[in-house]
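Work out the full structure, taking the sequences as your base and the hints as a guide.
Chains C, S and W supply the protein sequences, listed in that same order. Each step along the first sequence adds one to the number in my numbering, with nothing skipped, and position 77 is 77. One gets my numbering by counting positions in the second sequence from 1 and adding 340 to each. One gets my numbering by counting positions in the third sequence from 1 and adding 681 to each.
Keep in mind that a hint or two might mislead.
What the hints assert, rightly or not - With a cut-off of at most 30 Å between alpha-carbon atoms, the simulated BS3-like pairs for lysine-lysine come out as follows: (1) K219(C) x K798(W); (2) K570(S) x K954(W); (3) K1051(W) x K1084(W); (4) K736(W) x K690(W); (5) K1104(W) x K1047(W); (6) K559(S) x K1084(W); (7) K965(W) x K1125(W); (8) K570(S) x K322(C); (9) K1059(W) x K559(S); (10) K570(S) x K1051(W); (11) K731(W) x K706(W).
Everything labelled a hint here was simulated from the structure, so no lab data went into it.
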Amino acid sequence: MSNRVKQILKAREASIVIMLAVVMVVAFLMNNTFLSFENQMDVIKSNAVLGIAAMGMLVVILTGGIDISIGGQLALVTVLTGQLMKETGFDNLIVIYLLGIVIGGLIGLLNGLMISHLSLPPIIATLGMNTIINGFLKYYTNGAWINQLPQKIIDFGMIKLFSKPGEVGGQVGVPIQFILFLVAMILTWFMLRWTKLGRSIMAMGGNRVSAERVGLNNKNLTTFAYVFSGMMAGLAAITYTSIMKSVDPNAFIGYEMNVIGAVVLGGALLSGGSGSVLGTFLGVMMFAYISNGLTLARISTYWQSIIVGIIILLVVSFDMVKLHRETKRMTKVDIVPIGD
Amino acid sequence: MEKVNNNPPTIGDRVIQGIRKDPRMVFLALVLIGLIVLMSILAPGRFLTVRNFKNMGFQMAEFGILAIGMSVVIMTGGINLSLVSSSMLGAIVGAYLMRALNQAGTMSDWSIILIGIASILTVSVLCGLVNGFFVAYVGVVPMLVTLGTQTVFNGISLNITRGSGISGFPKVFQKIGSGTLFDIPYTLLIYIVVILIAWYLVQKTPWGVHVYMVGGNEKATRYSGVNTKKVLTLVYVFSAVMAGIAGILMISRYNSAKADYGSSYTMMAIAATVLGGTDINGGSGKVWGTVMAVLILQVLSSGFNIIGINRNITDIVTGLILIAVLSINHFTSKEKIRKSK
Amino acid sequence: MSQNENVSKPYLRLKNISKTFPGVKALQNIDFDVRLGEVHALIGENGAGKSTLIKILAGVYKPDAGGILEVDGVEYPSLTTKESMHHGIIAIYQDFSLFPTLSVKENIAFSEQMDSKGWLMNWREVEKTARQALDNLGVKGDLNIRANMLSTAKQQLVAIARALVYDAKILIMDEPTSALSSGEVDALFQIVNKLRDQGMGIIFISHKLDELFRISDRMTVLRDGLKIATAPKSEMTRKKLISLMVGREVSDERMLGEGGSDVVLEVKNICKKGNFEDVSFTLKKGEILGITGLVGAGRTETIQALFGLNEPDSGEIWLEGKKISPKSPAEAEKLGIAFVPESRQTEGLILQQNVENNITLPILEKFANKLMRIDFKKRRTRAEELIKQLDVRPNYPHMETSKLSGGNQQKIVIAKWLATNPKILIVDEPTNGIDVGAKTEIHKLLRSLADQGMAVIMVSSELPEILAVSDRVLVMRQGRVSAIVDGADADQELLMSHSVQGGLHGHDKKGQEAHHE
Chain C
1 MSNRVKQILK AREASIVIML AVVMVVAFLM NNTFLSFENQ MDVIKSNAVL GIAAMGMLVV
61 ILTGGIDISI GGQLALVTVL TGQLMKETGF DNLIVIYLLG IVIGGLIGLL NGLMISHLSL
121 PPIIATLGMN TIINGFLKYY TNGAWINQLP QKIIDFGMIK LFSKPGEVGG QVGVPIQFIL
181 FLVAMILTWF MLRWTKLGRS IMAMGGNRVS AERVGLNNKN LTTFAYVFSG MMAGLAAITY
241 TSIMKSVDPN AFIGYEMNVI GAVVLGGALL SGGSGSVLGT FLGVMMFAYI SNGLTLARIS
301 TYWQSIIVGI IILLVVSFDM VKLHRETKRM TKVDIVPIGD
Chain S
341 MEKVNNNPPT IGDRVIQGIR KDPRMVFLAL VLIGLIVLMS ILAPGRFLTV RNFKNMGFQM
401 AEFGILAIGM SVVIMTGGIN LSLVSSSMLG AIVGAYLMRA LNQAGTMSDW SIILIGIASI
461 LTVSVLCGLV NGFFVAYVGV VPMLVTLGTQ TVFNGISLNI TRGSGISGFP KVFQKIGSGT
521 LFDIPYTLLI YIVVILIAWY LVQKTPWGVH VYMVGGNEKA TRYSGVNTKK VLTLVYVFSA
581 VMAGIAGILM ISRYNSAKAD YGSSYTMMAI AATVLGGTDI NGGSGKVWGT VMAVLILQVL
641 SSGFNIIGIN RNITDIVTGL ILIAVLSINH FTSKEKIRKS K
Chain W
682 MSQNENVSKP YLRLKNISKT FPGVKALQNI DFDVRLGEVH ALIGENGAGK STLIKILAGV
742 YKPDAGGILE VDGVEYPSLT TKESMHHGII AIYQDFSLFP TLSVKENIAF SEQMDSKGWL
802 MNWREVEKTA RQALDNLGVK GDLNIRANML STAKQQLVAI ARALVYDAKI LIMDEPTSAL
862 SSGEVDALFQ IVNKLRDQGM GIIFISHKLD ELFRISDRMT VLRDGLKIAT APKSEMTRKK
922 LISLMVGREV SDERMLGEGG SDVVLEVKNI CKKGNFEDVS FTLKKGEILG ITGLVGAGRT
982 ETIQALFGLN EPDSGEIWLE GKKISPKSPA EAEKLGIAFV PESRQTEGLI LQQNVENNIT
1042 LPILEKFANK LMRIDFKKRR TRAEELIKQL DVRPNYPHME TSKLSGGNQQ KIVIAKWLAT
1102 NPKILIVDEP TNGIDVGAKT EIHKLLRSLA DQGMAVIMVS SELPEILAVS DRVLVMRQGR
1162 VSAIVDGADA DQELLMSHSV QGGLHGHDKK GQEAHHE
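Quick look at the structure:
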């Protein structure tokens, strides 16, 4: 086996690919339509929001932080922009998207400043932020849904590219949400791989002290990560509205667990510095396929969280066992017979 | 972190020493008193009443007990995201059994309740063992373990209840959550007993000291001949038992069990723990600090409720307080560092 | 290694540099200079002011007004980090400051990339720079491997390569050999010599005097913030150096004991795949058995097997006539085995906890009554006794452990185990990072414990230390026992020859005999 192949197999992504393959095979055996193009596109469409949000969370986790307020950010953006659209009938989608990104970015900025300049532990700062946002939203909406959104955003949500009539009726094509998810992934990947900013984030996540010694500005990098996460949350939020055609202020309560779960399943380490866009994508797809597979197999969706939970436990335990084995191998002594 | 008291001569000395030793508790106590005074002024004749304090006693017990369960885990440097889901899983299993036995009608109410409570606590211990196994024996980061188990526990609960509630317990069961003894709610009495037990275990026993040591440096503690795996497993079991007790109180108060009861409590329990002075990285903190934080949050929400402020504003204020208190920490510790240099 | 033509006028010169922290004069009126093409050793006990001096050079600290830093003919009152780097003053800290999750090439070229124009990475440039830097050092390696997958020695090479990319004129190396095996030290010294010959000035900080005599051209001794002396190596002797560092004469004598009586511990043919193979030895009451060998010879792995941290696959361990197989430190402790680990800071102590909590940790359960309540008064008394017994300073039980000096911290780790009344005390590199004065104190302590009847195993890479206290010395090589020799007969050369593959001068035969005795 060539070194390259070995390296690929060793990569953290390899184990999740194998697990994903197992899930896919099981899902396919239960229902043949699982692998159909139409179903695949549906799966991606309904998980684009999770995927986009996960990209933001990935960057935060790379810094060694965590963003508990991601659910709150999503809810806040959907409610504020939804209210705006409903009240004023404003329907310029580009502006709505920009607005969502700006709102998310501002919340992210607040998170980032609290964490970098007031040295609050990330989990506490974002937990506090989440409590504040959710309190505000309950107060503001009283839990009521926002309906009667402009037709334009509803139409936008149903756009399918390269569409042609499907066999069972309706249109088959690449949903616009897939494109948005793709854009978020490419953007994140490019930032992390090719820009000095991204490399600095990776470096700082690995070792903050060293980062300071080579003159990186840890505070600004950390703040940026939360702003980026907030902006991704904004993008995800508008995308969500376009799919659901209405706004439920309670839709994202507890959602942070899904996002963190997906990123962690994708191999990112909570200690920072380690994680990839590809891995996170695979983690999101794992979530997606499990729920889709269960639906297709007509198994109660209540099973979904059990299976997802068990897979999270298995994957992280497997990682741990692997790590133990690797560290053991590293302290290995080369034993040779005496006297040669 | 200082746990030694050399029995100083007078109570006054003791208080002064206490203040010196633990300015954090004094600060929390002042905030609490300040809030009570403030609320009494803002709602004259309505806040400082027996009825209101009784109400607070009913309300805060379940959350207070959960917060203790969270605190002990955080003292070891861990976190328990599955706290409320283990609470509800136990409660739902217990509720299911109690309903079934009640419908069969062959047993006395008391034995049904006893079986119900025993099963709730048993399920809790099992939940704690699962968490403890993954954290202590497999070595996975607590946040990930409990993220996973939270999803699993919640899933099992949903599978049992199919998303709806379980009710139909023996009538007496309701008494736990709503009855009083000399006008003092049972729940409050249970809370006080739990506090005392937790305080004793954490502050006075070898296990408690080990909890802090593991929170400071697990490896060094293990290398000192301490069975840290056992210590950690017991920590998660303790946490889950707290969750179980809270679960009993919750389903008794609502007279039903549902998978999503108390879902915001997990995060609130983390907030109360940190407000109470426990370092999120472990190795420090006190049971009394957490109790104080719970009291503050309770006075705040009751007070706001009486004054007529929307209860959602309470959430906002809670979040603000959490951030503010920790920011104060940041500045005071900076001051300390400057002084010591 | 003599002062060759490369040695020129000083590139870096400090005149009258002082640094005061509130309440502490860390440095007072220091004059110090480094020339290009020399290795200048900086020596002093912990707290002598070495690290303050380094930080002033690296621009991290600003010295007090009145002093002058002259670099390359330009005078500064103080340097910023940028200015310092701009002049090619590069520090390699003990932890190497690498980015563990980034590749080797990125680690090497990181700063160069960050300083270049534009906001995108130029990966081709990264590759080129990294390759060039490693070529300059004369080493080959996989550029794409993550830094945390490398051995300590290789990480150090990456750190040195990175310094080359900065165009280092003055390279500061802080305890560069503390985690290296002697083979690796040789390789490092070759590189240091090469860099010196290329005209780099190197400030070399180490506690290991033998190494300093091997590598340096000049030596400067600091003590209590004052410069005591600067002299060429030829004018220094080991003894003189030590007395300059400590301020008094320190005996280099051996502290050998009676050599022990009854056998306490018998290890028979224990094996663990990839760790150690067929290890057998005995340990007597009242003796100190030194275990040495190169880093990676399986020493730590072997003693960890005794403490339940590394269960052997086969073989037997007998303690006082009973077969034992400890599976955890807790079990080992109950059997009467104590272990002072190599890393005080991460394995020995809970730094943010106080002395009392640390010192009574293994015996904590003994203070509890039937209701599990700890008798805190009794515990305090016991803690105070232990502190007194080992002369820990300052002697406050409630002092935070992190605030104590290395020597006193090590005493606490030892005291913690003495409290359990162990039959066997195992110490792993007991004086790592501890200054010369405290070292002798620890040695004396070990000797007196053995004299009182304890059986002691001491693992150390420092041969002088092994020779100072060991009644018998066990040498390991590649996971096996290569020799067991009497302490009185041993010298550095003999021990080294057993440590190295094939031996240095054919001593191997003697070692084998000793093994079979």
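For each hint, the structure was consulted:
{"no.": "1", "hint": "K219(C) x K798(W)", "in the structure": "holds (22 Å)"}
{"no.": "2", "hint": "K570(S) x K954(W)", "in the structure": "holds (28 Å)"}
{"no.": "3", "hint": "K1051(W) x K1084(W)", "in the structure": "violated (35 Å)"}
{"no.": "4", "hint": "K736(W) x K690(W)", "in the structure": "holds (23 Å)"}
{"no.": "5", "hint": "K1104(W) x K1047(W)", "in the structure": "holds (18 Å)"}
{"no.": "6", "hint": "K559(S) x K1084(W)", "in the structure": "holds (20 Å)"}
{"no.": "7", "hint": "K965(W) x K1125(W)", "in the structure": "holds (19 Å)"}
{"no.": "8", "hint": "K570(S) x K322(C)", "in the structure": "holds (23 Å)"}
{"no.": "9", "hint": "K1059(W) x K559(S)", "in the structure": "holds (26 Å)"}
{"no.": "10", "hint": "K570(S) x K1051(W)", "in the structure": "holds (20 Å)"}
{"no.": "11", "hint": "K731(W) x K706(W)", "in the structure": "holds (13 Å)"}
Checked against the numbered hints listed earlier, the structure breaks hint 3 alone; every other hint is satisfied.
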